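Following the hints, complete the assembly by docking chain L onto the known chain C.
Protein chains in written order, with this note's numbering: chain C, 26 to 540; chain L, 26 to 540.
Note that these hints are calculated values from the structure, not bench results.
Some hints here could point you the wrong way.
When chains are identical, the list treats them as one kind, so a pair holds in a single copy or across two.
To be verified - With a straight-line cut-off of 20 Å between C-alpha atoms, the simulated EDC-like cross-links for lysine to aspartate or glutamate are: (1) LYS498 - GLU135; (2) LYS122 - GLU27; (3) LYS462 - GLU135; (4) LYS462 - GLU299; (5) LYS478 - GLU135; (6) LYS495 - GLU299; (7) LYS57 - GLU458.
As the structure is a computational prediction, the values presented were derived from the model and not from experiment.
2 protein chains.
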Amino acid sequence: MEYHPSTYHSHSVVRRSSKLQILVTDAERLYKRLTQLKNKDNSPQRHRRDGFLGLFGHKVDLLDHYEKTLGDIADNVRIEQSFMAGKEVPAAFVSFKSRFGAAIALHLQEGINPTHWITERAPEPHDVYWPFFSVTFIRRWVSKMVAYVACNAITILFLIPVALVQGLTHLDQLESMFPALRSILRLAVVSQVITGYLPILILQVFLSFVPALMIMLSSLQGYISWSQIQKSACTKVLWFTIWNIFFANVLSGSALYRLNYLLEPKEFPRVLAEAVPAQASFFMAYVVAFGWTNIASELFQLIPLFYNYVNRFFGGDCGDDFEAPTIPYHKEVPRILFFGLLGVTYFILAPLILPFLLIYFCLGYIIYRNQLLYVYVPKFETRGEFWPTVHNYTIFSLILMHIIVIGIFGMKKLPIASGLILPLSIATLLFNEYCQKRFFPIFQGYPVECLIKKDREDQNNPNMSEFYDKLNKAYNDPALMPIKYSGRPRSRRTPLLSSESQNSARESQSQDMLV
Amino acid sequence: MEYHPSTYHSHSVVRRSSKLQILVTDAERLYKRLTQLKNKDNSPQRHRRDGFLGLFGHKVDLLDHYEKTLGDIADNVRIEQSFMAGKEVPAAFVSFKSRFGAAIALHLQEGINPTHWITERAPEPHDVYWPFFSVTFIRRWVSKMVAYVACNAITILFLIPVALVQGLTHLDQLESMFPALRSILRLAVVSQVITGYLPILILQVFLSFVPALMIMLSSLQGYISWSQIQKSACTKVLWFTIWNIFFANVLSGSALYRLNYLLEPKEFPRVLAEAVPAQASFFMAYVVAFGWTNIASELFQLIPLFYNYVNRFFGGDCGDDFEAPTIPYHKEVPRILFFGLLGVTYFILAPLILPFLLIYFCLGYIIYRNQLLYVYVPKFETRGEFWPTVHNYTIFSLILMHIIVIGIFGMKKLPIASGLILPLSIATLLFNEYCQKRFFPIFQGYPVECLIKKDREDQNNPNMSEFYDKLNKAYNDPALMPIKYSGRPRSRRTPLLSSESQNSARESQSQDMLV
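Chain C extracted, bound-state conformation (with noise of 0.2 Å):
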């Protein structure tokens, strides 16, 4: 009100929440329990009912302990929440009268010194990731820091598994270091298997853990909303997978010692040049195996599938409140982003993987479309801040195809065709250039042109007063609201609300809360 006082609208402070949060999630989950058990009871048409409960026989016993314990929550929860006041914490959604408004007060720089103050673009009220509200610039520094060198740490020494599953495509080596397996080892199928197959099924399972580390690395790092923390995971994911999958596989094929010869930039093309191509195979095998799997099991969703399934046999959960899946872009964009780089870095030397590449690209489309129109339920606007990381990542590709080429016009002793490789290089590095300056401030800010063609559109709006209403409760710590389960008694008579009218109905009463 100070420094925009004719543009400020509006705000909510941020509260110091994390315990609450632990005590609320307790009482949600509560709560659903209790609802199902209420709904089997009450409800006599479904079929497992009696048979499921008399497996426990102590149905009422159940019921009166969970709303009993559900009780004692709800007191906790709103013994908390009175002492919220003072628990505020130096941050707040700040909501301004105009787009214009807002980004004035994004875009400048608010207090002297601009560790103090920082100013940063409200995430839709759904994304808001809380922890990092109540940490100071110091300490969201150094924990973006350490989340930093942990995922260095962690991409590294992950190649000690990928070593091993390279040395199964040498079975000489493993016959040497195994010897009472060699009976088995010469049988044709066992070794087709092993050398061709059980590498990749190995490294997918390594792998398929790392997409949720990375996350959970990310989340340490400072943001304050999920799509950041997706984006920054993403990134993470696809640096993990070039360093190992591309070049752990390439350069540990048969000697992990040439790893050496990456810190000699000198010698860099001539290594690649010689390892890339030795392993086209496997990259082969690799498109088929792990890309074309991953496209069917992404059509089939056979893991939620099989998840939900066990968990209908086992827990008896019916799945009255099934959530629609949301599209995990860390997984799936590095995924497709490696296949085109190995498109790019191998069409020259194996061009063979192109028609494989073709299949995964195309039954990708299909698939892909059918998923995020049919299937998958967008969590966030994306906005498009992928595009700067598929750029980039696009760049990357070109210019170490670049140097591999390089390498083996080099090995072939064509030194000339290697010396026009170079303009190529320093004709991507100035598009990059351009590109960077042309099209990446759109990912930074609005441009004052739309910002003020919109201002005027809303001007005219008669829905105004009505959105500004909505605003004012839109970013308030679902922790904070009022609690709407007592699970006493008399909790029984109330109508069972469904996720959605709990929601609005949270939102209509949340303004009393903040009182």
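What follows is chain L alone, placed relative to chain C:
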């Protein structure tokens, strides 16, 4: 007025005036010459008047000739100026009613295409560099790239004279190259001069052309103010100095082939550890011969004195219009910083360099303080913008020192000691990172806090309307000012204006001009 209606104040469009500028410069030069001649003519107390004019013998002819030429040029200027209305360039100086309003327009991207509409902070009026206003984004970008490539090429090619100079310190090589000189080179005095002093002298002669060259390159780079050009040239000279004085001398000491090792990062500390201590005596001599001499010549201003004397003797330019010199930051800042680098890198290898440096810095403090206060006229307000350069350079010096120390400990077979240096480097880089976050935003723009405070002070200031009037006229192209010297006989009657009063007169008449 469309996007910033409440804060827009006025603007002045830039016009394509390069042709006019040449004419005006010609006219000004002629006018100055004419004034000098007339002064000599009209003031009988001048000493050398008769003798000087007697020497040439056609005083009246010269005056008439000058006046005629000046009159022609003035007519041409007026004709050119009348055609100016159509030569508008898509660039303008826009002034705003408040600092806050100007900051908004500066920091927010205006148009949808970020390359069409670029906002930059306007330099001080006399600091404007006009040529790059007529240039599109792409041409500016291309010139920047070209300047960058040229600068790198010059920096690297300069190694050749440096290598030749360094050859002088190894007399044995010289002897074998020129056997005829052997008897002369064997003389103690000659060999001492050649090995000790001559290399530094030759280096200095070559180096004295570099700042001017870098200023030229920077002025091609698309900056719109002299201060930016000087800042950019300062950075260029800095890296030039590091590369061509420090690295070239250290590594080419006895073997230029060592440069090859620079491409292998692993070998880097070892090569430096071997080469740096070997050049300690050269750099000690450098501090004395180059540093101390520079400080002294700075005090006595020998070159301007000599230049002035020669000018006065031959040209008869009596120095009535002697301009106070401005400090050439792009020469002085890199020089002082380089001695800092020498101190940081050599203080553990050759501590004997420290007293010499101490004397240099003490003398420098006293002398530069005197020069800045009483000799130099500040041409523009630097606003501390050289601080980031100094900071980055200091961090670079520290890291370089760490690398050398790691190499030396490695050579002495003390792996633990060199390992213990690593945390120091990491801490230095973290400190640098923190400073970047904490202090560098200050150079991007002023915070809202300060802007609003100053704006509120201004609102109560009764002189603001006067300031706004001045603002309207401040950014007019000097080439478009009505020409004051007609050179026709009647102009003899007009009082001869000093350059100050002439400037203010220009300002008062400029408004008629632009109609």
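Is the C-alpha distance from LYS57 to GLU458 at most 20 Å within one copy, between copies, in both cases, or in neither?
-> neither (53 Å within a copy, 48 Å between copies)
Under a CA distance limit of 20 Å, which applies to LYS122 and GLU27: within one copy, between copies, both, or neither?
-> Both: 15 Å inside a chain and 19 Å across chains, each within 20 Å.
Since the copies are identical, ignore which copy is meant and state whether LYS498 and GLU135 lie within 20 Å (CA to CA) inside a copy, between copies, both or neither.
-> Classified as neither; 25 Å inside a copy, 31 Å across copies.
At 20 Å max between alpha carbons, let me know whether LYS495 reaches GLU299 within a copy, between copies, both or neither.
-> This pair counts as neither: shortest intra-copy Cα distance 62 Å, inter-copy 70 Å.
Check LYS462 against GLU299 for me: Cα-Cα at most 20 Å, and say if that holds within a copy, between copies, both or neither.
-> The answer is neither: 37 Å in one copy and 43 Å across copies each exceed 20 Å.
First find the shortest C-alpha distance between LYS478 and GLU135 inside one copy, then the shortest across copies, and answer within, between, both or neither for a cut-off of 20 Å.
-> Close across copies (12 Å), not inside one copy (25 Å); limit 20 Å.
For LYS462 vs GLU135, is the C-alpha pair at or below 20 Å within one copy, between two copies, both, or neither?
-> So LYS462 and GLU135 pass the 20 Å test across copies only (15 Å; inside, 26 Å).
This entry does not satisfy hints 1, 4, 6 and 7, going by the numbered hints stated previously.
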